[in-house]
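Asker: So the chains spell out like this:
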Amino acid sequence: MVNPGTNQIITLTATATTPAAVKNISVQGSTGKLNQTANFSLSVAAASYAYLATGGPNQPPYDLSGFAVDANTGALTQVPGSPLSLPNAAIDLAVASETGGAFVFALLSDSATQTVTLQSYSVNTASGALTALQSISYPPQTGQTNLTVSPSQKFL
Amino acid sequence: MTQSGCFIAYTIDPAAGNLTQASCSPPGANSALAIPAPGNFAYNVTGDPLPPSKWYVFSVNQNDGSLTQIQSYNSTIGAGTLFTDPQGRALYELVGPQDLSSCGSAVIWQIDPDSGVLTNLNTSFSPLCEPFAVAFNPGDTFAYVSSGVGENHSQNGIYVGAADATTGNLTSISGSPFASGVGVDFGAVEPSQGKFLLEQGAAPLARCSSKRLKPVRGRCPRSPGSRPRCHRTLCSSIRC
Chain A
1 MVNPGTNQII TLTATATTPA AVKNISVQGS TGKLNQTANF SLSVAAASYA
51 YLATGGPNQP PYDLSGFAVD ANTGALTQVP GSPLSLPNAA IDLAVASETG
101 GAFVFALLSD SATQTVTLQS YSVNTASGAL TALQSISYPP QTGQTNLTVS
151 PSQKFL
Chain B
1001 MTQSGCFIAY TIDPAAGNLT QASCSPPGAN SALAIPAPGN FAYNVTGDPL
1051 PPSKWYVFSV NQNDGSLTQI QSYNSTIGAG TLFTDPQGRA LYELVGPQDL
1101 SSCGSAVIWQ IDPDSGVLTN LNTSFSPLCE PFAVAFNPGD TFAYVSSGVG
1151 ENHSQNGIYV GAADATTGNL TSISGSPFAS GVGVDFGAVE PSQGKFLLEQ
1201 GAAPLARCSS KRLKPVRGRC PRSPGSRPRC HRTLCSSIRC
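Protein chains in written order, with the working numbering: chain A, 1 to 156; chain B, 1001 to 1240.
You may find that some hints are simply not true.
Pairs of lysine to any residue residues, derived as SDA-like cross-links and limited to a Cα-Cα distance of at most 20 Å, are as follows [said to hold, decoys possible]:
1) B:LYS1054 to A:THR145
2) B:LYS1054 to A:SER109
3) B:LYS1054 to B:GLN1069
4) B:LYS1054 to B:GLY1116
5) B:LYS1054 to B:PRO1026
6) B:LYS1054 to B:ALA1015
Covered stretches of chain A (chain B as the covering partner; in silico rule of three or more C-beta atoms under 8 Å from a C-beta of chain B) [what the hints assert, rightly or not]:
7) 46–58
8) 66–72
9) 106–120
10) 145–156
What the hints contain is simulated information worked out from the structure, not anything from laboratory work.
A quick note: this is a predicted structure, and the numbers were derived from the prediction, not measured.
Beta carbons are placed, not taken as given, at the ideal position from N, Cα and C, and that holds for glycine.
Build out the structure end to end from the sequences listed, making use of the hints.
Answerer: Printed below as a string of structure tokens:
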């Protein structure tokens, strides 16, 4: 229902199986006083985020940055709260995207104490923002490296 | 995760993300595991670019992620970093140069999905002087390999290979390698439509750039949910 003289929001939704693409949509009034015709483009693309650790061993600052990737232009925009400050250098990152959520895992190395910490973050799937979840510390000099997530996303 | 003495497997709580250590499977080696889709086998290669290297093949317990070694063998090829395509057709071993006057290579191994056995493909996809990382487009039809090129590897390039739909073997496309503007330490293809390749330079935020790629048909690689494309410290999370 269109109310003349008022601004209205029209929400367009795509089904889950809609391929990511740019769609041309035509809107045309058919009855009554609405006789405007307009064409516009609706971008249908899955949201994607890129996460990047900066700084190396003894090369601060140590940050974890998140970017929203515009699928149509390739432009990168920092997600809310980015960059996150890390206590130590990240030596590896991994991402797991389960049906229940998406998570980022960072392996942090303190070269002074030769200790490694595994830090996990949850990803806000609407914004890409990270929230710290869990921190696992390992005894010194036990040599943790190389994160790999299984294709099932069940194991790290 | 790799640890001295074993490979640690954590189960990931799918809702909360909490990690629970499930297993510690020896032998552990100080190099990364590659776990091609669908995730029944894991591969590890140890050594350095100077041959020989030693390969380990593991079966993956789908209940707790633990590894059981099913094969090990010596290879006459130097050890490299392992990558796999999202479909699990092949392993791509990027072998670095032995010194600045020589070049590394890309070795491609077809994976038998039933046994996990690897077959070395006689690929024409070369040369790669200092290969570093591989990224695939969403349709898994093209591979993008970042590499140092030229004398003393002082320049950076992106080698593009068309991937064989069955074996995963790569064939260089016309124009490859493409010059890289900012360095090719890490790379990932934007996963929704596959139009852009992200690469990281020395100063990541200021120099992160995107390159326009030939558009490909957008396709979610897995359903439901998503799977990551991760190359060292640049990761992109796909939401389908």
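Asker: Between B:LYS1054 and A:SER109, is the straight-line Cα distance small enough, at 20 Å or below?
Answerer: violated, 27 Å
Asker: For the pair supplied as a hint, B:LYS1054 and B:GLY1116, is the alpha-carbon distance within the 20 Å limit?
Answerer: Status holds; Cα separation ~16 Å.
Asker: With a C-beta cutoff of 8 Å, work out whether three or more residues of the region 46–58 of chain A approach chain B closely enough for the coverage to hold.
Answerer: Per the Cβ count (9), the hint holds.
Asker: Holds or violated: are the alpha carbons of B:LYS1054 and A:THR145 at most 20 Å from each other?
Answerer: With Cα atoms ~19 Å apart, B:LYS1054 and A:THR145 stay inside 20 Å; holds.
Asker: Run the distance test for B:LYS1054 versus B:ALA1015: straight-line Cα separation, threshold 20 Å.
Answerer: Distance of about 38 Å is beyond 20 Å: violated.
Asker: Are 3 or more residues of the region 66–72 of chain A near chain B, judged by a Cβ distance of less than 8 Å?
Answerer: holds (count 4)
Asker: At a Cβ distance under 8 Å, does chain B reach at least three residues of the region 145–156 of chain A?
Answerer: Our answer is that it holds, as 12 residues pass the Cβ test (under 8 Å) against chain B, meeting three.
Asker: Please verify whether B:LYS1054 and B:GLN1069 have alpha carbons no more than 20 Å apart.
Answerer: Judged against 20 Å, a Cα distance of about 13 Å means the pair holds.
Asker: How does the region 106–120 of chain A fare against chain B when you require at least three residues with a CB closer than 8 Å, holds or violated?
Answerer: holds (count 3)
Asker: Would the pair B:LYS1054 and B:PRO1026 pass a check requiring their Cα atoms to be no farther apart than 20 Å?
Answerer: Since the Cα atoms of B:LYS1054 and B:PRO1026 sit roughly 15 Å apart, the hinted pair holds (cutoff 20 Å).
This entry does not satisfy hints 2, 6, going by the numbered hints stated previously.
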